[in-house]
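Chemist: Read off the chains here:
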Amino acid sequence: MRIAIERRPYDSNLMKYLSPVLAIVLTLISGGLIFMIQGQDPWAGLYTFFILPVSDSYGWSELGVKAAPVLLCAMGLSVCYRANIWNIGAEGQLLMGALIGSWAALSWMDSSSSWVLPAVLACGAIGGLLWALIPAVLKNHFNTNEILTSIMLNYIALNLLLLAVHGPLKDPHGFNFPESALFTDAVTLPIIMEGTRLHLGLILGLFAVATLWVVMARTFLGFQLKVIGLDASAGHFAGYQQRRLVYFSLLLCGALAGLAGISEVTGPIGQLVPSVSPGYGYAAIIVAFLGRLHPVGILLASLLMALVYMGGEMGQIDLGLPLALGSLFQGMLLFYLLACDFLISYRLRIQPSVKPMAFPDTSTGVSQ
Amino acid sequence: MPASHAAAPGASQPTETQRRSSENTIKSNTVSPDSFRIRCQNITKAYPGVVANDQISLAIRPGEIHALLGENGAGKSTLMKILYGVTAPDAGNIWFDDQPIALKSPAQARRLGIGMVFQHFSLFETLTVVENIALSLDKQQAGNLKNLAKRIETISSHYGMPVDPHRHVHSLSTGERQRVEIIRCLVQDISLLILDEPTSVLTPQEVSNLFKTLKKLATEGCSLLFISHKLQEVKALCDQATVLRQGKIAGTCDPRTTSTEAMASMMVGNQTTLGKRYRFSTGTKKTHCLEICDLTELSSSEFGTTLKEINLSIQPGEILGIAGVAGNGQKELLRFLSGEDLTSSAESIKLKGKNIGQLTPGKRRKLGVAVVPEERLGRGAVPDMSLSENGLLTGFLQNLIARGFLQRGRIHGYANRVIDQFRVKANGHGADAKSLSGGNLQKFIIGREIIQNPELLICASPTWGVDVGAANIIHEALIDLRDKGAAIIVISEDLDELFQISDRIGALCHGNLSPIKPLQHTSINEVGQWMAGVFDTEFQDEQLHSETPVKEYELS
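Those protein sequence lines, which keep their order, are chains C and Z.
The first sequence lines up with residues 1 to 368 when you count with the working numbering.
The second sequence lines up with residues 1 to 556 when you count with the working numbering.
Keep in mind that a hint or two might mislead.
To be verified - Chain Z is faced by these chain C residues, among others (derived, beta-carbon under 7 Å):
#1 E6
#2 S61
#3 N143
#4 R218
#5 V227
As the list claims (entries may be wrong) - With beta-carbon atoms standing in for the labels, derived distance ranges:
#6 C/E194 to Z/G428: 51 to 61 Å
#7 C/Y346 to Z/Q140: 30 to 40 Å
#8 C/L338 to Z/D384: 45 to 55 Å
#9 C/H141 to Z/S171: 23 to 33 Å
#10 Z/K434 to C/F342: 16 to 26 Å
#11 C/R7 to Z/T306: 52 to 62 Å
#12 Z/G362 to C/M36: 31 to 41 Å
Hints in this document: simulated from the structure, not taken from any laboratory.
Heads up, the beta-carbon is just placed ideally off N, CA and C, and yes, glycines get one too.
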């Protein structure tokens, strides 16, 4: 018996939606095996990772807190990926949003005016947008590959952030810790549910889901983005302005990622610190694809990703497992998703082995 | 050789051509098996939706330079891949040195002594010539690099292909890289060399050097299969030619004695079965819809054709046909007209007196220009989108959008109208473009443009690969649009089609545009000569007219 791989005549729609589910199942199985290798009961491990974090209402609210930045980044990325623009730079755009936004917050935080918070958020969004402008200009006018430029800019953004918290934005009364001063209430996001840390960022994320759903499904702009993503030469032939669409999608993603960054520092964190993001911008890439680039899928996938973050922390606290296990789960999820996506265009066919055919038809014909 | 029949006279009667070509097909099928380097019989290979090779038979003697001629999509590449073991045929037999063989892989083909030079080189740019060649050989064959370098030098000087084995490939010119590819085949014992359009990447000087090399190879007994659609080169180089058309053998000839136009006519179609001539234009307005003035532009693609001083004008209410063998500048002309490539000066192209040479495709569309590209999937339509969405693709100016929002009802209605009017066989407006057959998708794309009522329609190969019924629908629609006062340019390789629908006709050859004449004042033979680059046909004109009188084209 052997397994043959053959191309499907048409891509399987069923597999398109089954593939993420399959990837999640495979990730859970592999996770269980890893727990076993670590000397843990796999069921207890998986329970600690995926059930325990959301076993109370506070856990659910924390899920929203973690999901918010991932959701904002992933929605922006989904627009880029629909247009076949491989922006890997959401992390850097998020960090620049946090940095520029924090600078604005620290400058204006003693004001009691009500416009201060919106202005700070806007600065964060603009910070991310300007950071995304760099790969957009390079792609449009110098024909560079946005994968490389956007990923390199992530590291530059991180180092700029570190420079800022070690230098100009460091709290003068902070005992030389690399942190900014704590933000005042004027520049802190309002809590949307009493007794939790759920903040306005989640509302912004849900707003992005709704708006971009309408834009992509119902407007000519969204249609054009899909066309250049599926078939750039058809878009060019039809007369769509490819450069403008590249600018739109990259800048939109930058702004949303920047908003995610400023929401983190003015929300749950409350000051600018070196570790603003535990890789939200990268996790958002996985979320975008796990959600099949569809707003509802992305919403669900971002909750799952938030759960993985929380599970990683829970595993560290309860089972003494390394925090990196959370990243391992993220990595496995992406790996299995890519592997399962192969089944959208291909299928496996089990062929009977040659041996049972040792008596070919002709010989049986002769014996009769 | 049975196929080496008498030369076709320059102005042969169409019936003569047909009789000859059918005779040849039969002959080549029953070729006698006396000492051929390679012989294949009744090779058939079908891909979904198209029979790429239909009962192809071919035989090449030792030392023979055999041309495989045909338009794009005629099946040349498929046949060549079969002979090199890349693709397995569905049916048919191959003999190599009179031994029946089943070619399973290129490696096996190489072991037999078959070498191939692809159109797109497969060399590692960061490695030297000798390293590249060593990579394609077995360990024993390659030996050490020093000896291999010596062998390369010997071969390159013997065949007049100077190449320094220690140079890095990235520093070599295209012509030199091709030499490396050829030498790579020659370091192995080779008895059949297949060359896929080798001259398309070369300068004229490089071409003549290459031909010297190839002729030398042939005199030493190596057989050559030379794939091309450039007739002059085939005439200059080859002893035999097999012409493919639409996957079938259209005929064989001796290119040294056959005129280029006779070969061209074999490539592009059977002239004897001229379809019914549609009605001529009843009158044009005395204004220019489109004017092209001294359009001289480099192609945007690396191996494209440079357009040279193209001048033409077209009036509302006429169809201008542009003939030519593919690769003579048609693609480039269409891209400059559609706006996918912009001209260097805006004045080169004028629409109703307005300079549009530097307007984007979208702006030209707003001015009433509609274009049907030659690629249906991947340019004319997005394969993974529904027909509704593909209608919107270029129909976005047809009141399908309100304040940026898609008007779904109207978009579906628009697609349904195209489907109904042009009898597109599809599973409703929600069917993916890729699920349609080529002909039905072509009807949809043409219909999508025609119901926009453009003032200028530019149409490439409107009925390529389309069945007769669909072709009639498309032709009728083009004629109707013309009668409504639109100017239409049809760029096609199908002379038959052009003589059915054009009011005036010209041809492209090497990026030059022939004179443009009213259809009644020219003949298929004259256009054939234009296609071969002979533009000065005034003298022969009178003779031709006596042979093919205008009244042959029946008016409908």
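Chemist: Could you run down the list of hints and mark each one as holding or not?
Modeler: Hints, one by one, checked against the model:
no.	hint	in the structure
1	E6	violated, 14 Å
2	S61	violated, 36 Å
3	N143	violated, 13 Å
4	R218	holds, 6 Å
5	V227	holds, 6 Å
6	C/E194 to Z/G428: 51 to 61 Å	holds, 53 Å
7	C/Y346 to Z/Q140: 30 to 40 Å	holds, 38 Å
8	C/L338 to Z/D384: 45 to 55 Å	violated, 20 Å
9	C/H141 to Z/S171: 23 to 33 Å	holds, 29 Å
10	Z/K434 to C/F342: 16 to 26 Å	holds, 20 Å
11	C/R7 to Z/T306: 52 to 62 Å	violated, 39 Å
12	Z/G362 to C/M36: 31 to 41 Å	violated, 60 Å
Checked against the numbered hints given earlier, this structure breaks hints 1, 2, 3, 8, 11, 12; the rest are met.
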